[in-house]
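Enquirer: Take the sequences, apply the hints, and build the full model.
Which chain is which? The protein sequence lines are E and C, in order.
Position one of the first sequence corresponds to residue 2 (my numbering), numbered consecutively onward.
Position one of the second sequence corresponds to residue 168 (my numbering), numbered consecutively onward.
Just so you know, the hints here were simulated from the structure itself, not pulled from any lab data.
It cannot be assumed that every hint is accurate.
As the list claims (entries may be wrong) - Part of the chain E face toward chain C, derived, beta carbon under 7 Å:
{"no.": "1", "residue": "Ala111"}
{"no.": "2", "residue": "Leu114"}
{"no.": "3", "residue": "Glu119"}
{"no.": "4", "residue": "Gln122"}
{"no.": "5", "residue": "Asn239"}
{"no.": "6", "residue": "Ala247"}
{"no.": "7", "residue": "Cys283"}
{"no.": "8", "residue": "Arg351"}
{"no.": "9", "residue": "Gly352"}
What the hints assert, rightly or not - Beyond 10 Å from chain E on every Cβ pair, some chain C residues (computed):
{"no.": "10", "residue": "Arg198"}
{"no.": "11", "residue": "Pro245"}
{"no.": "12", "residue": "Ala685"}
Values in this document were obtained by computation on a predicted structure and should not be read as measured data.
Ideal Cβ placement from N, Cα and C applies to all residues, glycine included.
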Amino acid sequence: MTDISTGSGHGPSENTPAKLGYSPVADIPHRPRVADTDPRAARRAERQVASMFMLSMFFVVLFVVAFIAIDKYATVYIPVFGAVGAMNVALGFTMGVAIFLIGAGAIQWAKKLMPDVEVVQLRHDLVSPTEATNEAAANYERGKEESGFARFKIIRRTLIGAMVLFPIPLVVMLRDLWISPPGNPSPSTLLTTTLWEDGTRVVTDATYLPIRPEDIPVGGLVSAAPADLPEVQEAEHNLNARGKAAIILVRMDPAEILSQQGDGWDYQGILAYSKICTHVGCPIALYEQRTHHLLCPCHQSTFDLSDSGNVIFGPAARRMPQLPIGVDAEGFIVAKAPFAEPVGPSFWERG
Amino acid sequence: MSTTNSAAANPIPASPIEAAGGGVATYVDQRVGSNKFLGRTLGKVFPDHWSFMLGEIALYSFLVVLLSGVYLTLFYKPSMVEVIYNGSYVPLKGIEMSEAYASTLDISFDVRGGLLIRQMHHWSALIFIAAIAVHMFRVFFTGAFRKPREFNWILGVGLATLALAAGFSGYSLPDDLLSGTGLQIARGIVQSIPIVGTWGAFLLFGSEFPGTDFISRLYGIHILLVPGLILALVSVHLMLVWTQKHTQFPGPGRTNNNVVGYPLMPVYMAKAGGFFFIVFGICTLIAGLVTINPIWLFGPYTPDQVSAGSQPDWYIGWLDGALRIMPNLESYLFGYTISWNILIPAVIMPGIVFTALAFYPFLEAWITGDKREHHLLDRPRNNPTRTGIGVMAITFYGLLWIGGGNDIIATSFNLTINSITWFLRIAVFVLPPIAFLVTKRICLALQRRDRDKLLHGYETGRVLRLPHGEFIEVHETINYKEMAVITSKSDIAPLPAPVKVDADGVANRKYWIQSLRAKLSNFFYADNISKPTAAEIEAAQHHLDHGAALEAPLHAYEDADEIRNAHGGVLHHPGMANTNAEQLAGRSDR
Ligand code: HEM
Ligand code: FES
Chain E
2 MTDISTGSGH GPSENTPAKL GYSPVADIPH RPRVADTDPR AARRAERQVA SMFMLSMFFV
62 VLFVVAFIAI DKYATVYIPV FGAVGAMNVA LGFTMGVAIF LIGAGAIQWA KKLMPDVEVV
122 QLRHDLVSPT EATNEAAANY ERGKEESGFA RFKIIRRTLI GAMVLFPIPL VVMLRDLWIS
182 PPGNPSPSTL LTTTLWEDGT RVVTDATYLP IRPEDIPVGG LVSAAPADLP EVQEAEHNLN
242 ARGKAAIILV RMDPAEILSQ QGDGWDYQGI LAYSKICTHV GCPIALYEQR THHLLCPCHQ
302 STFDLSDSGN VIFGPAARRM PQLPIGVDAE GFIVAKAPFA EPVGPSFWER G
Chain C
168 MSTTNSAAAN PIPASPIEAA GGGVATYVDQ RVGSNKFLGR TLGKVFPDHW SFMLGEIALY
228 SFLVVLLSGV YLTLFYKPSM VEVIYNGSYV PLKGIEMSEA YASTLDISFD VRGGLLIRQM
288 HHWSALIFIA AIAVHMFRVF FTGAFRKPRE FNWILGVGLA TLALAAGFSG YSLPDDLLSG
348 TGLQIARGIV QSIPIVGTWG AFLLFGSEFP GTDFISRLYG IHILLVPGLI LALVSVHLML
408 VWTQKHTQFP GPGRTNNNVV GYPLMPVYMA KAGGFFFIVF GICTLIAGLV TINPIWLFGP
468 YTPDQVSAGS QPDWYIGWLD GALRIMPNLE SYLFGYTISW NILIPAVIMP GIVFTALAFY
528 PFLEAWITGD KREHHLLDRP RNNPTRTGIG VMAITFYGLL WIGGGNDIIA TSFNLTINSI
588 TWFLRIAVFV LPPIAFLVTK RICLALQRRD RDKLLHGYET GRVLRLPHGE FIEVHETINY
648 KEMAVITSKS DIAPLPAPVK VDADGVANRK YWIQSLRAKL SNFFYADNIS KPTAAEIEAA
708 QHHLDHGAAL EAPLHAYEDA DEIRNAHGGV LHHPGMANTN AEQLAGRSDR
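Expert: Set out below in structure tokens:
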């Protein structure tokens, strides 16, 4: 049963590295493979490996053909995967197969034709020999002595001081990662103010059209924004104002309103709430009109809009801020005051 | 010895390529002395086991990520400037969006092969992170982190963390609706950090959310900083594997002092090199066939839109789940807000998890007092407490991960989100300890079975009737391979309880810490099923021989004890005693 094909004797004395470049063969029973004993099988394995490399080349050619020939907007239907871009599938398949075959060939070569006899190598102690350790220690001591690091107390202390202080400029310069806007508002002021003011018209968030109370049926929900949002966005070149000012309007039977954040903040059963979740800030628009529940899609915090927007479930800790609304002279919905509390996620200075 | 001499002395006629190669080797060697290294290296032995490929998968998929990433940088524009899309994807034509998103659409629709590379980048990133995780499990459960490999464990924890950072920062670059929502959440988390959070968020984003700076800042982090760090840590990681040599699983001929396997040149080189192409090829095939992150369906990011049922990439799922199932605690102190509901799941819990991971090897070494070098891997069953802890952690992770998909589970199984959330809130505390206990029991049962196999052989299912009428089932000796594996177990005795006051009446000032250590050590090893002694095994072998007239290879051992000691507890089949004994001469640290 015990058959070791590489060399007959295997004491370390016989298979010395100098002789063969081999480590001694492990003394484990080894069953020869077919390719070890049958030259025909060995030749078959050789052909297999070579054809894999051959096919790999062929697929590279196919890749280039596909790259040139296939219309980049064509789609094909593949069962399981559905309708997919023809170009992507063709390129991925040809390139993937070409690369895969190189690997498959190499591994087949190793498995079938290279020796599969395990060899043994000794591990060596990781710990350094005593002389080396002593030498290191002696050099260190000599260096310490020669530099006078231990003796020159004042040099040592000032050096440590200098090393501690020198990174400060590197950190200080990070201050202007945020350039405070004119007037130097603090972060918490910025997070607390939105575009909403007394009299700001409420408009739809995509077409910016003003909204009349009649436009919203009972049970309906409208995503809205302040009327000056387009100009502000144009002026600021960013979406910051939008991120804070987004609101939703919902309408319910006034009799169903259990409570509000302020007296008469609704208009004939139309309530305006911030759209930004007080948990970590996802916009919310999943509204269940029967229960008046607003559900955040991110972590499923649920707010009851008929009851001051209070949290009834989930990880959000604070209610959805409500915006007091009314109508202006032309009959369009307007805000009657800014938000009374910060919208969006909590922050330290929020109080 | 000069190189020209040795080349002349070479008896094998060299092919032109080999001659050229030799020329290059000589040229380089004369300048950097590389042949000294090559000589040792080309014959270096690597042990073989399927689970050793996990780290390789991580490495190779990382290389694919690097390659495809460089290609993406040629087309991607890290800019949040708003542009009007005018590419070939009809549904979004004429819509305002950031340049980052528009360029990602261009990569997906107008650059030939662009979608393939984007998907290769994303798929290989997912495979990279998954391979790191599973590789880490392998290292943990087999105790490969023990001395001398603690540094590599810590490097691994660092790599896992960086991989998450790489993935998250990359996921955010396309600036589609999903990735923007992820950033919004990330900002909410930063803002929850007491004292510095608000300022930190403004500094990171350069303004309120979303601002116009973040994508370009993230870009530098994603393509330079994080990959650079990963590359540096991976290099050290591999250098350590190289110098410390790979661990090996127990088996015939394998001891704590040797490496049994295949030499680098040629077998390991062919296998590992070939495997790189296999991983590369598979990443490419998946990228060609399976859509990932179809950002064109999500639309451009705007802070007031969200898509329902949105899911982060898989590796963020557990953190998302933790955020989801956390009860809504918030405190207000002296006019300041502390958002425990965010802080605990998103900052404190992951902080604890990664710190505990990093410190585990030191904790275990301290508890066990084990200062030996370990190059032979543990079988998970032989350290039931460690295995139990690992399964406990995986259970915890899995539950959080389920939490991350609670909405999907709710709709698929018709459950309410409330009931799933409440189940998980309780389960994350109850199920992991149960998983621990069950795992530990299973491990101990397996140990018991191993012991039985050593002492009584295995049941053959053959029943004999003895001359006096009794029926017995024939037990046969297990084969030499199994014998080597089972006997590799090394028992560790639990530490004794310390004394409060010693014989001289001096109070033990370290009593408290020592008794904690002794208790933990008992927790680890008190119910260990000890391996039978060599004499017991020998006696059992004789018994098996005579009882059922079997061929018992171990019977040949007259000096079984000696061999066992010399081989660190590993038994070998008879033919090898001499060789290995010689190899091992002078080393016996078990
Ligand atoms: C270190 C590990 C890395 C991971 C885990 C990773 C992961 C990701 C992921 C998940 C994406 C989103 C892809 C999408 O679906 O569009 C991405 C995008 C991107 N990555 Fe990486 N990446 C890594 C390294 C790199 C490197 C080294 C580079 C370049 C040198 C790079 C360049 C890019 C670019 C340019 C994008 C944006 C492309 C787009 O949006 O289509 N990445 N990365
Ligand atoms: S962001 Fe709404 S629940 Fe988390």
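Enquirer: Which numbered hints are broken by the structure, listed smallest first?
Expert: When the structure is compared with the hints, only number 2 turns out to be violated.
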